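From just these sequences and the hints, can you work out the full model?
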Amino acid sequence: MNVATMNKEFPTAAAAVGNVHNGASLAVGGFGLCGVPQVLIDAVYGTGASGLTLVSNNCGTDGRGLGVLLESGRVERVIASYVGENKEFARQYLAGELEVRLIPQGTLAERLRAGGAGIPAFYTPAGVGTQIAEGGLPWRYGADGSVALASPPGETRVFDGREYVLEEAITCDFALVRAARGDRHGNLVFRRSAANFNPMAAAAGRITIAEVEELVEPGELDPDQIHVPGVYVQRVVELTPEQAAEKPIERRTTKGTAD
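Yeah, the sequence shown ends on 259 if you go by our numbering, and it's all consecutive.
Keep in mind that a hint or two might mislead.
Estimated spans, in silico, between C-beta atoms of each pair [said to hold, decoys possible]:
1. G73 - P120: 28 to 36 Å
2. T130 - N7: 44 to 52 Å
3. T253 - R192: 41 to 49 Å
4. G51 - P218: 18 to 26 Å
5. T253 - G145: 34 to 42 Å
6. P152 - I119: 18 to 26 Å
7. R140 - R206: 23 to 31 Å
If you are wondering where the hints come from, they were derived from the structure by calculation, not from laboratory data. Computed from a predicted model, the values in this text were never measured in an experiment. Positions of the beta carbon are idealized from the N, C-alpha and C atoms, including for glycine.
Dropping the structure here:
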């Protein structure tokens with residue numbers, strides 16, 4: 001492979017997500033609103049794609065993060081760890097408009113990581129003795145509040161006297177992530193807690209698209225500091241300074257000045 005073909009930079013976010021199609025599955029980095037690839041999410045909204053399956057820790061907030069896609073009725077299914085601060089997420093789930101598969105947070109991270117590593121499944125103690133293993137977890141409600149679709153029982157097995165449940169790996173058609181720094185070969189570096197689910201999501205995408213706050217030339221990143229190697233990334237979009245600076249949080253809490 002020559003240097004020209006290793007250049008994964010796309011001119012715009014719209015161009016990078018241009019082939020996201022109806023019914024596509026997307027693994028999306030972020031935790032709350034921290035490390036969320038907002039520019040790429042907005043670009044996916046611009047494609048008009050619907051019937052999407054989203055795999056992410058949560059679904060942003062009302063009007064932010066993946067909440068943008070949720071509010072527009074583009075989402076068919078969400079695989080996540082919690083509902084969080086998104087009231088519309090909760091409303092659609094309870095009203096039977098949305099299928100939601102809630103997974104323990106560590107299990108979700110490992111399922112994404114396993115997908116990127118080519119490991120089809122693994123056993124974990126998380127969820128044993130609950131509806132995760134026993135089945136019956138509501139995936140979709142009916143309009144009357146009844147459970148229209150429930151999770152099936154999980155396969156369990158005992159190792160050294162302890163029970164474990166089998167969890168399958170997750171891979172998606174696309175992955176959307178945000179990095180602090182990246183190069184044109186797709187190598188990515190995250191900043192502190194903004195890493196969160198981004199490395200696992202990046203590994204789980206068949207086509208991984210990264211928005212980066214600072215794009216540098218290949219060779220400028222210290223190899224020992226790279227969090228996601230370029231082999232996992234197919235497309236890179238450099239953010240404008242204004243886009244890179246926009247980093248909303250769910251709740252701003254300040255401490256009053258002592259009298």
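Hints and how they fare:
1. One distance hint, 28 to 36 Å for the beta-carbon pair G73 and P120, holds here, with the actual separation near 33 Å.
2. At roughly 48 Å, the beta carbons of T130 and N7 sit within the given window of 44 to 52 Å.
3. For the hinted restraint 41 to 49 Å between T253 and R192, the CB-CB distance of approximately 19 Å leaves it violated.
4. Taking the beta carbon of each, G51 and P218 are about 37 Å apart, not inside 18 to 26 Å as hinted.
5. Taking the beta carbon of each, T253 and G145 are about 35 Å apart, inside 34 to 42 Å as hinted.
6. Look at P152 against I119: about 21 Å separates their beta carbons, and that is inside 18 to 26 Å.
7. Our hint of 23 to 31 Å for R140 and R206 holds, since their Cβ atoms are close to 26 Å apart.
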